[in-house]
Structure formats: C-alpha cells, structure tokens
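*Asks:* Protein chains in written order, with this note's numbering: chain A, -6 to 596; chain B, 8 to 160.
Hints listed in this document are in silico derivations from the structure and should not be mistaken for laboratory results. Bear in mind that the values here come from a model prediction, so they are computed numbers and not experimental data. Heads up, none of these hints are tricks.
Straight-line C-alpha distance at most 30 Å; calculated BS3-like pairs for lysine-lysine:
#, chain 1, residue 1, chain 2, residue 2
1, A, Lys538, B, Lys150
2, A, Lys317, B, Lys95
3, A, Lys538, B, Lys105
4, A, Lys550, B, Lys83
5, B, Lys34, A, Lys37
6, A, Lys596, A, Lys567
7, A, Lys593, A, Lys554
8, B, Lys34, B, Lys91
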Amino acid sequence: MKLFLSGNEAIAFGLLASGVRFGVGYPGTPSSEVLPTAIEISKKYALDGYFEWSVNEKVAFEEATAASIAGIGSFVVMKQVGLNVAMDPFMNTALVGSPGGLVVVVADDPGPHSSQTEQDSRFLAFFAKIPVIEPATPKEAYEFSKLAFNLSKKFEIPVMIRTTTRVSHSREDIEVSIGDNKPVKVDFKRDIDRFAATPHFRFLLHKQLNRKIKVVATLEWYSDFDEYFDGNILIITSGISFAYLYDIVEENGLQDRVKLLRVRMPYPLNVEKIRERTKRFDEVFVIEEGYPIIEMQLGDRGCFRGRLTGDVPQEGELTIDEIKKILSRVGILSSESEESVKPPFKRPSLCPGCGHRSAFYAIKKVFKNEAIYTGDIGCYTLGLNLNAVDTVHCMGASVSFGFGFDKVYSIFGDTDRPVVATIGDSTFFHSGIPPLIDAVHNYSKLILVILDNSTVAMTGNQTTPANEIGQSGRKTKPVKIEDVVRALGVDFIKVRDAYDMDGMISDLQEAKEFAFRNSLPAVLIFRHPCVYSGEGLKNNVRFKKVFVETSLCTGCKVCVKQFECPSLVYNAEKKRVFIDLATCIKCGQCVVSCPFNAIKVEK
Amino acid sequence: MRLVILGVGGMGAITLSKIIAQMCIDKGIPVRSSEIHGMAKKGGLVEIQMKIGEGKSGVVLKKTADFAIVLDESYKDYARSYLKDSEKGLIVLTEKDKLWAVNQFGDVRFANAFLLGRFIKSQSVFDKDDALSVLEQFKFFDKNKISFERGLS
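Just chain A, with the same shape it has in the complex (with noise of 0.2 Å):
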C-alpha cells in the first residue's frame, strides 16, 4: 500500500509495524503528528495496545520505560524542549535499560520556528549515551523506525529517532505495509539490582551501558555510511542536510567535484571507520542540521571545516539556501547574489472569537499597566498583541515566574506590584501545579488566571486531562482544574466564562483585593471553548451581524490596538474600521473595545 506520509506519520506507520504497542508522548509541534497517526492506525488495524498522550514528557517517558521493562514494545514522543522536561528518566532509562524496546522519537526545531530554543536532541542522546539515528526523508523515517526498535530491543536500550521540523513535515510516497497482529506476551522480570538499583548497582549498570554503546558504534548498517559522487572534496553530513546537499550536486552538476558522506548514526559514531574515509581527502566539510555533534566527536580537526571553524553558521536552521551559501563562500559553488522576495509578513494573532482575547482585554481593563504580567506557552503567549504578557520563559514558567516577581517586589520594591500570571488549561496541568503550591505555602499574593480553553489548542486541538474523551477515543475520567487548585489550597477560585466581560472584570478586582488582604494566590478560570475546534465553532455565540455603524466610527484605532481581532480592519482610505466578513465569526466581543459605540450587532 503507497501512501503519501508525512515524516512524522511514517515514523508512526514503521514502529507499529516492528510491534510496538504502547505509545505515549506531549504534544508539541513539530513532533505532535506522531502519536495520533499510531492512534488511527492502531484503530485501522485492529492493534491491542495503548496510545495516548500524558500529562507531561517526564510522566510519558516513565510510563513508556515501564511498558518496556514489562516486555512491550513502546515509544515516546516529544519535541525537543519536551526532552529536557523528560531529562531525569531519559537519563536513567539509558542505565537501565529497556528490555522490550523503546523508542525515543524527539523532534527538533532548528530555526527555530515554533520553540524557545533551536537545541540538538542528539546532545542529549550523546549525553545520555543511548544511541540515536536520523533519517533525512519520510521513506527513511518509515525504514529508521523500524530499525531504531530493532537495536532498541537487542540491546535493551532506548534508541532515539531524531527528527527536525523539514523531515516532520516533508511528505514523500512510501509504500507501507504494518503486518499481522501479532500476539505480544508481557513478562516483568523482578531484578531489583537493576530496576531498583542503588548507587552501587549504578556503577555496575553504569559499566554494561557503556560496553554495549561500544558494540552499536560498530554495528552493520547503523555504523555505516551512504557514499554518494566521486570528487576531491569530501563533506560528511547526515539528516535533512544530506537530502540538500544531495540535491544541490545534482541541481549544480558537482558530481565529478563533491563526495557525500552520509552518516546514519550521529552517535555512538565509529570515528575509526570515518578516518578510513576521509584519509585521501584535503579537504573535509562537516554540514549537519543543529549542533556539531560529528563534527565535535572526530576530535582531532585536521582539514575538517564545519561549525567550530566557523564555515558553518553556529545557530539558525541549515536550511538548502544556507548550505548553497556555505559552498558558495567556500568556492565549491559559484556565488549568485540575488536579492530574495519575502512573502509579506503577518503578525501571528489569536483567533478571532478567541475566549482568550475577551479574557486579556478584562486583564488589561483592570491591570492596565501597573502590573507584571508573567505568561506561558501555549496560544495565549499571543497575549503580547495585547500588552498583557511581559515573560514567556517555558511550560508552567508564569507560575513560578509570578512567585518570583511578587516576592522581590514585597522585599525590595518601592512600591508593591501586582503580578498577574496567565497560563493554559493543558500548560497548567503539564507544569503550573507544582509553582502554585509554592505559591500557596510561602504566602505569594500572585494572581493566576487560567486561560481553559479545554484543549491543547496550539498544536493542533489535541485532549487534555479534563477532557471525557481521550484522543484515543476511549472514555477518560475528566480532571476537574477547580478541584486541583481547590485541593491546593487555594482559598479563592472563581470560574467564569470568557465571553462575560463584566463578570470578568469584577472577578478580578475582587482577586487583586484578596491576594493583598491575604497575601495569598487568587485563581481565576477563564473559560471558554476554543472557536477553532469544530465543536467549539458550532457552538459558539453567533449574532446575525456584527458591524461598524460607519458614522460612529472615528477611526480613532481603539478598537485595532486593545481589542486586536484580526477581523477589525482599519481602511487607512476611508479612515474608518470595517469588519472583514470572510473570518469574522461573529461572535461581537469587539463591541465593548469602541470607546464611540460604532461597534453594533444584529441578533
């Protein structure tokens, strides 16, 4: 069967074929693709097995760890900063091992485009000392998951897929095919020296890591190399920048003046081997997308050139125009300056009809700009457009970011400012509950607003724990966010829908009251269905009409600049504000932003 994958559902498509059946990860973009596709193929095929995403990546990577020990076939999946969330199991998984296979799928984002950091996930497999291999095309993601659960399992340890935003989201035709349902038996071996071990265990464990690390950097297949074209010079490279650097020889005609060096393993890396290689050449290039994980375990550097010598640029993504850039300055291509056409920039907005949007405004109404607004990571960092997000740091950062302000404030500042912290339903459950009963138990007056949309929305409308439904289909016991904060010990907790601006309003001055009264956390839930999930839409609030009574409307911009609804469109000729009909939804939230009432709705 060919279809036409993504390289994220192919990675999917090849561990459910090599008999992986537990599968559980966070979502985050550009890795969030993986874990549904295993859900519908699972359902496709008739698979027993679990898959669904958990709370957090540390919380996944340790179910998936035990899945393993138990004898079940299992992968995670994460993007990149997700890794460093999952650093304390991923670290010990890799001592202990994972007796039925396990499969760390981590995308990077190189750029970056859609995250806080541009890191190598390769590091980390380096750092970790599990081994981790990295296609270049969808076909290869298909063919290197399967062979990434195959060393997993015969070794006992986790084998990372390392994949970057290009290879996530490139689509190619693959031919598939996913197997019997085979029966698959779980078998928990007691061996408390292992699974339990203490320090000394470690040491021992410690020991077998490294000699089978030892053993995967000379294996057949992973440590060897695709050679490509006959030149002088030789340029090592492996992941997406092999499929470039591939097509610029051939686009370029520089067969007879380039040799690729395609490595399928960045680590453990078989340095003897590439020597062997690069022995007849002057003049070696090492061009890999991310960090110089080659390039760095080569040691000595000879005639290499990469990025410690500066020929290679040390952040941004490798992208093809960047690589052609590389060969042009180091003459293997000729330079052509031509002056690139950028699309014509948009600046990233909530949705219009966004409960979001409603719940900012209402922030700003009261806080104006007397407060430190903490946020965090989800689609409400978007709360910038509105002025009401100062920080953005990492999941559950605005909570923790709050407890910090509000007590250097009350120590050292002149005056005390309030701190207002926004974060997400899912953000909150992720990594917002352990800085709230810090903030609870040391006396932090912080306002916490959650922004609950009832989704993961950012990435693309994936469950949450509060949800009745998993992303699996299988019912789930929803996690009431008010009961959480409640069992805290939060004394003040007000729910509201995001659409009652009033209520909004006197909800928080009330808190900021209570917080200085108290010197206590104040929560506020604002709640609101995402407009962008079908449901949500379907169910939202919808007026027969919303519009700019023309002759009210001053052109003042009010409306354009606090309430910031991509469908409020200033006509610089006319000099007033119109309402663009293709993606209004009409929900008229906009209404209160008009200081002049131009803003009507029709019911």
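Place chain B on chain A using the hints.
*Replies:* What follows is chain B alone, placed relative to chain A:
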C-alpha cells in the same frame, strides 16, 4: 516537475497538494513535498513545495519551479520569485474566483478543485481523468467536479 502552492491557514492548500500527490502515486511517479506552516493557523502563510519525479528532498528553490499555485493574491509576487520563467506557470486564485466558490458552494475550500482544473490545463503529465479519479474519493464530489470543470474551461 517542481511546483509550489501558497495559501493561508484553513484554505485547503495542503489538501490540494495531497490530491496532486495521489495523482502521482496512481501513475507510479515518485513525489515528495515540503510543508511550511509554523503559525499558519494564526492567519499566516502555508507554503507547500513539491517535486514530482525527481530529487531527494521536497524542497523547491527560488527560480526553479515550473508552477506556482497561489490561493491568496497577496502572495503573488512571492510566488513569482519561485518560477523558472516569471511569465509562465503562475496560477492565481483571484478575488473573483474566490467569491464565485464562496457564493456557489458556501465554502472557499471548493476553490481548490477550480485551481486543480487550471493546473491540469497547464501541463501534460496529468490529464482530466487522473484528477477526477482522485477527486472522486473526496467528499462532495459533485460540487468539486463543478468547480474543477470551471477551472478546466
């Protein structure tokens, strides 16, 4: 053949690329694409580059594309920068055609079938029947067929 498809989030540009890819698979022609849709959901650009019957990556470089299909007129100049010959191969969904699809079917996404028709008319690798047999597998075939045939005419 190399082509790029440019649209904004939610318009169905990716579906259009999948239809073209399915025509390739049906004919046994290797096909690969590269999608860029970072913040597309938030009103941004969706960019799909496709290589049909060539290459290892789906990436298409500036000044090398045979066709550029544009679903939003504001990206016309950007689309032209991809073309081998800036006078040839540009397929644009004009405001007029967009409104026609919206008025006729109530959903702008039916304009994709119209663009598919224009694409089929502009090249010789795929013919009308190749396209129809793929469209058949999609929902609302009758509506898509009307839109497609308008593109062909």
